[in-house]
Amino acid sequence: MTTAAVAERPTAAGHDGRSFIQRYIFTTDHKIIGIQFLFMSLLFLIVGGLLALMMRWQLGYPGQPMPGGGMLPETMAPDGILLPEFYNSLVTMHGTFMVFFAIMPLLVGVFANFLIPLKIGAPDMAFPRLNMASFWIAVPAGLLMVAGFFVEGGHAGAGWTAYAPLSARPDLSGVSLGQIFWLLSLAILGLSSILGSMNYITTVVNMRAPGMTWFRLPLSIWSLFITAILVLLAIPVLSGAAIMLLFDQTLGTHFFNPVEGGQPLLWQHVFWFFGHPEVYILILPAMGMVSDIISNGSRKPVFGYHSMVFAIIAIAFLGWIVWGHHMFQSGMNPMLGTTFMISTLVIAVPSAIKTFNWLGTLWRGSIHFHTPMLNAIGFVAMFVIGGLSGIYMATTPVDIFIHDTYFIVAHLHYVLFGGSLFAIFAAIYFWYPKMFGRMMSERLGKVHFVLTFIFYNLVFFPMHFLGMGGHMRRIYDPTEYEFLQPFQPMNRFITVSVFFLVAAQVPFVVNFFWSLFKGAPASENPWKDNGLEWTVSSPAPHGNFAETPTVYHGPYEFSSPLVDDDYLPQSRAVDPQPRPAPAAGD
Amino acid sequence: MAHAAVMSGAEPGAGVYTKKLGMWTFLASEVMFFTALIGSYIVLRFGAAETWPVPTETLNIPLTALNTFILICSSVSMVKAYAAAVDDDQKWLKIWLLATVIMGAMFVGVQVYEYYHLIHDHFLPSSGLFGSTFYTMTGFHGFHVSMGVLCMSWVTIKAFRGGYAGGKYQGVEVVGLYWHFVDLVWIILFTIVYLI
Numbered sequence: 000m001t002t003a004a005v006a007e008r009p010t011a012a013g014h015d016g017r018s019f020i021q022r023y024i025f026t027t028d029h030k031i032i033g034i035q036f037l038f039m040s041l042l043f044l045i046v047g048g049l050l051a052l053m054m055r056w057q058l059g060y061p062g063q064p065m066p067g068g069g070m071l072p073e074t075m076a077p078d079g080i081l082l083p084e085f086y087n088s089l090v091t092m093h094g095t096f097m098v099f100f101a102i103m104p105l106l107v108g109v110f111a112n113f114l115i116p117l118k119i120g121a122p123d124m125a126f127p128r129l130n131m132a133s134f135w136i137a138v139p140a141g142l143l144m145v146a147g148f149f150v151e152g153g154h155a156g157a158g159w160t161a162y163a164p165l166s167a168r169p170d171l172s173g174v175s176l177g178q179i180f181w182l183l184s185l186a187i188l189g190l191s192s193i194l195g196s197m198n199y200i201t202t203v204v205n206m207r208a209p210g211m212t213w214f215r216l217p218l219s220i221w222s223l224f225i226t227a228i229l230v231l232l233a234i235p236v237l238s239g240a241a242i243m244l245l246f247d248q249t250l251g252t253h254f255f256n257p258v259e260g261g262q263p264l265l266w267q268h269v270f271w272f273f274g275h276p277e278v279y280i281l282i283l284p285a286m287g288m289v290s291d292i293i294s295n296g297s298r299k300p301v302f303g304y305h306s307m308v309f310a311i312i313a314i315a316f317l318g319w320i321v322w323g324h325h326m327f328q329s330g331m332n333p334m335l336g337t338t339f340m341i342s343t344l345v346i347a348v349p350s351a352i353k354t355f356n357w358l359g360t361l362w363r364g365s366i367h368f369h370t371p372m373l374n375a376i377g378f379v380a381m382f383v384i385g386g387l388s389g390i391y392m393a394t395t396p397v398d399i400f401i402h403d404t405y406f407i408v409a410h411l412h413y414v415l416f417g418g419s420l421f422a423i424f425a426a427i428y429f430w431y432p433k434m435f436g437r438m439m440s441e442r443l444g445k446v447h448f449v450l451t452f453i454f455y456n457l458v459f460f461p462m463h464f465l466g467m468g469g470h471m472r473r474i475y476d477p478t479e480y481e482f483l484q485p486f487q488p489m490n491r492f493i494t495v496s497v498f499f500l501v502a503a504q505v506p507f508v509v510n511f512f513w514s515l516f517k518g519a520p521a522s523e524n525p526w527k528d529n530g531l532e533w534t535v536s537s538p539a540p541h542g543n544f545a546e547t548p549t550v551y552h553g554p555y556e557f558s559s560p561l562v563d564d565d566y567l568p569q570s571r572a573v574d575p576q577p578r579p580a581p582a583a584g585d
Numbered sequence: 000m001a002h003a004a005v006m007s008g009a010e011p012g013a014g015v016y017t018k019k020l021g022m023w024t025f026l027a028s029e030v031m032f033f034t035a036l037i038g039s040y041i042v043l044r045f046g047a048a049e050t051w052p053v054p055t056e057t058l059n060i061p062l063t064a065l066n067t068f069i070l071i072c073s074s075v076s077m078v079k080a081y082a083a084a085v086d087d088d089q090k091w092l093k094i095w096l097l098a099t100v101i102m103g104a105m106f107v108g109v110q111v112y113e114y115y116h117l118i119h120d121h122f123l124p125s126s127g128l129f130g131s132t133f134y135t136m137t138g139f140h141g142f143h144v145s146m147g148v149l150c151m152s153w154v155t156i157k158a159f160r161g162g163y164a165g166g167k168y169q170g171v172e173v174v175g176l177y178w179h180f181v182d183l184v185w186i187i188l189f190t191i192v193y194l195i
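Those protein sequence lines, which keep their order, are chains A and B.
Once you know that position 91 of the first sequence is 90 in numbering that gives the first Met the number 0, the rest is easy, because the numbers rise by one and skip nothing.
Once you know that position 169 of the second sequence is 168 in numbering that gives the first Met the number 0, the rest is easy, because the numbers rise by one and skip nothing.
No lab work stands behind these hints, which were simulated from the structure alone.
Please read these numbers as outputs of a predicted model, since none were measured by experiment.
Incorrect hints may have been included.
Pair by pair, the computed Cβ-Cβ distance ranges are [to be verified]:
1) A:Q63 <-> B:H121: 27 to 37 Å
2) B:H121 <-> A:F309: 55 to 65 Å
3) B:F45 <-> A:A146: 34 to 44 Å
4) B:D87 <-> A:F38: 45 to 55 Å
5) B:T190 <-> A:I320: 24 to 34 Å
6) B:W153 <-> A:I20: 20 to 30 Å
7) A:F38 <-> B:I71: 43 to 53 Å
8) A:P257 <-> B:Y112: 32 to 42 Å
9) A:R298 <-> B:G14: 32 to 42 Å
10) A:A519 <-> B:W153: 22 to 32 Å
11) A:M334 <-> B:V53: 29 to 39 Å
For each residue, glycine too, the CB sits at the ideal point set by N, CA and C.
Chain B with its partners taken away, still in its complex shape (with noise of 0.2 Å):
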């Protein structure tokens, strides 16, 4: 115990940088939070099986499957934005963020449409466990996308002015990490709550 040792010779460290490390332990935390939403729906869903709704029955499946297909082709945007800012390709890092932000963008107007169309209806955050469970995540999970786009805006605005220029790619691999975790739970709803 008391051997006064060398130094050990390893530099401290994840072997990530901090910015990425810190938004690894924020997506940890955002996890939870849909833990705790996702698990609340499941345990009322099967807690009320009888008597919930058929989803189909409220909700605009194809307009849902295409907004879905839209969110999923955002995300591979993202991707090759990532690869262009790591190849120093400035010009196609420039398109493919564009592409993204346009992308998320469509997907919270439709996702606003979907909205005023169901609440047209008569189907609000008040109409039963349904309600209450579909508003809550569907518009948690629309915020996220929503301060997504935001972030995004700010990193494609950064790019233009050449602030990842020379392979500082950094930016735009943390802020990817963000949308591809808002993508993922995205399919997650989707599948739970429009699809079964």
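Chain A with its partners taken away, still in its complex shape (with noise of 0.2 Å):
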């Protein structure tokens, strides 16, 4: 299946005969692949956010006609007002853009794409052609299941977690079509991913430039390393499980159908043992993109470099036997929970080590509040809320009271958003010079990031409260219940919250598109890092290396003794000898 699409290495830079769509369309340039997702990812990211305001209006303000609603068709909100069936489909595909066609592509799609070959000093991908075909693959999978949502029955209905038996009898949901693009569309999107993270692997391990040992890789590689070795796991199990599930729907088979002898319970299991380490898919390379920033915005290296990598390895194992604390409440054997609890606890152990090296690597820095830095810096803090709510839910008694609540809506957003996007956020400012050649603003940036985090939080923080009032998640009308009318001013706060939330983005977006064409042109290395991407012009050309660079040292060398300047590049040949400390100051 592999030999037809290997293909011969890229040959070194330079200009060549390449028509606009070799270049730009149908390319197996990886910068344009990683840019080619990062548009895609940013569309989806929008359109996750547009779903998540129409839900929160309906739970802010239940039965009243939507602003604007009266544009969707009778089938999805008639007069404006949304019907229940609408708004399942909304809390489904809300989850499920944001997972599989934002934060996920986003982070393995662009910056796996993006960096990979930059900083290890390689040409490109070990297989370019294939590399193309994961990202044209992951488009008509994001088109079918756009267009869900104009099947007949609507679109999947039963949560981005698609618990059988509600996504596999239609006879219950109502859903058929819907569910039916839902796995097609899953499925498909798989196959990218794997062929994706066949790349990603391969070319780590062997595309190395001469002198980029194993611990000299930046944190961002390793954790995107480690992160595609779980996506080539753990995807493939789901693309099982989708397909039992279609088989399900469209030949009438039993997999997930109790009355013929089919286990509900099956779909929860196999669902989240790829699951969580989908979780780890989505916040690992966060973590090691926010590393990278840190690091260059102290001007210190890393503190624990070692105790980081060992910290990324160890989540992404742990990451593989916690999957059934997500099923405390779906009938386990009480000793089997505990064991998933206790498994999960562990991983509150590498999870600290990397938060405490962060905090290590900013302390005594001096450092330097750029865009980047502030988002990373957010990531760092959010990553702490997110992560402490995390420990707290994974203790089976809290958990029998909080499961299905919106503390785990708090909890999650806590690392999704607030972990994952921000670090998005800081890894696209970072960048964004050596993807298009130009800066992106700062001024522009700072108001992003400082209206984002503090109307993430009055967003998101709140939702522990109601989750700790017993306010379910995925309900459509929470003034049904009486016990929860009392919330409603702060289900209203939040939803208001909300709308701010989406302009805030506004600047991020001038910004994106303003500076591709009026940004500051940007020089080799604006950030003065020392990663091998910082050695090749802005953007970076094509074939990266107009010859291989040879590493001499870690990724990491700020305000080393050894040179006047405060960065040492990677590729730069010093004298071991140190040089006299300077006289004062760094």
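Once you've looked at the hints, go ahead and assemble the two chains, each given alone in its own frame, into the complex.
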């Protein structure tokens, strides 16, 4: 299967006779493929955000016509009032788009593609044509997922976790085609992810420049490498599960249909066996890139580089044996629940190692609060909140109370939005100059960060209180429950904050597109960083390096006594004898 | 930490050529895919142990045993083809590759024949958990064999055009890895679905 797609290695840098289509559309250049993923996943980020906005409208103002809701068809929102069935689709598709089509491609599709060859000193990926296929397989998957909204019966409404039998039995859910589209789309997207991760793993193992030993790899590359292994092994499990569910829907099989002896609980096990490694797929690359940026912004080496690497590996390994903590309430041998609880709590150890190392990196650094750094620090702060609530939830007795409440929603958004998305913003601001050759506006960037940080917390922090009050997730109308009525002002407060949170993204969008054309031209190394990508021109040329670089140092040699500058590029050879210390300061 | 260590001298890389490493990673994901299907089968079968039909009453074991033998033979011919490619023995490379393609195609043919008769006897994917799991697992395996036959045909054509002359055996080895994997999966499936 792969042999046909294996391509010869790309030639070295330089202009060639490629047409516009070869250069920007059906391209094998890892950087352009990364940028293609960037535009695709930012678009889905906006779509997912708008779906959340509609959900929040219904929760804040249940049963009232949504402004602009009249534009939606009768099957979704007659007279602008959202139907319960459509609300279910909104919940499902917000999760699906954000997890599979926004955050995951933003981290893995964009930055694994863009950064791996540049940072390890390779001319391109190991299999450039396979890489191109990976993007062009993801596009129809995305279109199929969007198309599901417009089919008979509406889009899938069984949640992004698609629990059976609701997802397997159209007679129960009223949704058939939508769920089939959902499953097909995920199966196709899975193929794209697998092809991508094959490429990332092979490239990191086999295509590092001379001198780029494993322990000279930047932590971003380490985390993307480990994440690629998780993708490679977890996604096929989802594909297998999706195919079984698809056959239940289309061929009349009985995998998850209890009437014929099938087991609905089996779906949960298989889904979460994929799903929990997926959680780490969504956070590990963020952790790695944040490590790079925090070291750069503190002008100090990463504190405890080796422990950072081993913590990534430990988290990835532990991620495979904790899936049961999603199922404490699904019916499980209590002993098994305890086992899953303990393995989950153990993850706090490597996570805390990483957190303390970030703090140790910041400690006594000469901190530069550029926009990427602000977002990276925002990541650390929010990850601590989300991580701590995670430990709390992982204990079975607590989970019995807060399972399927807004506390879970708060937690997952603290790690996925407060964690991953802030890291993604940091990474976009940081590597934008290398992608497009222009700087993003620092002023707009800071406005974007501050507003997002404030409104993000106003949206998600109160959800902890809702959850502790017993507010269930995925409900259509909280006012129907008497005990939730006192929470309605808080629900409304959250909804208003969401509108501001969405509005706070306008400076980012403006900044992104304005800077494409009008941003200040970027120098080779605007952040004075050590990575190999900063030794080539901005934007990075086709083929990356005119000649293969040789690596002499680790990636975090900031404020090294060996050189006068406060940074030491990985490919700069220096006299190993330390110079006399400078008179003062750094 | 701040030593400007000189180059370690060790050339990065796993000592495995890139295409082979790519195939190994791909096969790792394939293992997980079949694990999802086979693991579900095991869970479902244990969950319905009393009512599970006896496979031998539905399935034609002698026919499938013959088919298994054909597939294992095709793995042997694949090994011979690889050895011939390494030795730059073009004549036997072509013969063994052709034999592998033919035996792979025979396997798929026999499976189609088997399906035809099972469906004729009203054993369908909707025929209880046994039908569900049987068709899903053997179907996906058959799909993998078919893909393998296609890739192998492509390699064979390339061999007849002299594409592997001069000790260029990599393409043969990589497709061979895939072929042995598919063979291995079948041995597991034959055992757990047909025999026990």
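Hint-by-hint comparison with the structure:
Taking 27 to 37 Å as the suggested C-beta distance range, the pair Q63 of chain A and H121 of chain B does not conform, at roughly 55 Å. The given range of 55 to 65 Å is respected by H121 of chain B and F309 of chain A, whose C-beta atoms sit roughly 57 Å from each other. The hinted range of 34 to 44 Å is satisfied by F45 of chain B and A146 of chain A, whose Cβ atoms lie roughly 39 Å apart. Remark: the range hint 45 to 55 Å for D87 of chain B to F38 of chain A is upheld by a beta-carbon distance near 48 Å.
Range check, T190 of chain B to I320 of chain A: about 27 Å between beta-carbon atoms, so the 24 to 34 Å window is met. At about 26 Å, the CB distance of W153 of chain B to I20 of chain A agrees with the hint of 20 to 30 Å. Taking 43 to 53 Å as the suggested C-beta distance range, the pair F38 of chain A and I71 of chain B conforms, at roughly 49 Å. For the hinted restraint 32 to 42 Å between P257 of chain A and Y112 of chain B, the CB-CB distance of approximately 34 Å keeps it satisfied.
Taking the beta carbon of each, R298 of chain A and G14 of chain B are about 38 Å apart, inside 32 to 42 Å as hinted. The hinted range of 22 to 32 Å is not satisfied by A519 of chain A and W153 of chain B, whose Cβ atoms lie roughly 51 Å apart. M334 of chain A and V53 of chain B have their C-beta atoms about 34 Å apart, which keeps the hinted 29 to 39 Å range intact.
Hint compliance for this structure: hints 1 and 10 are broken, all remaining hints hold.
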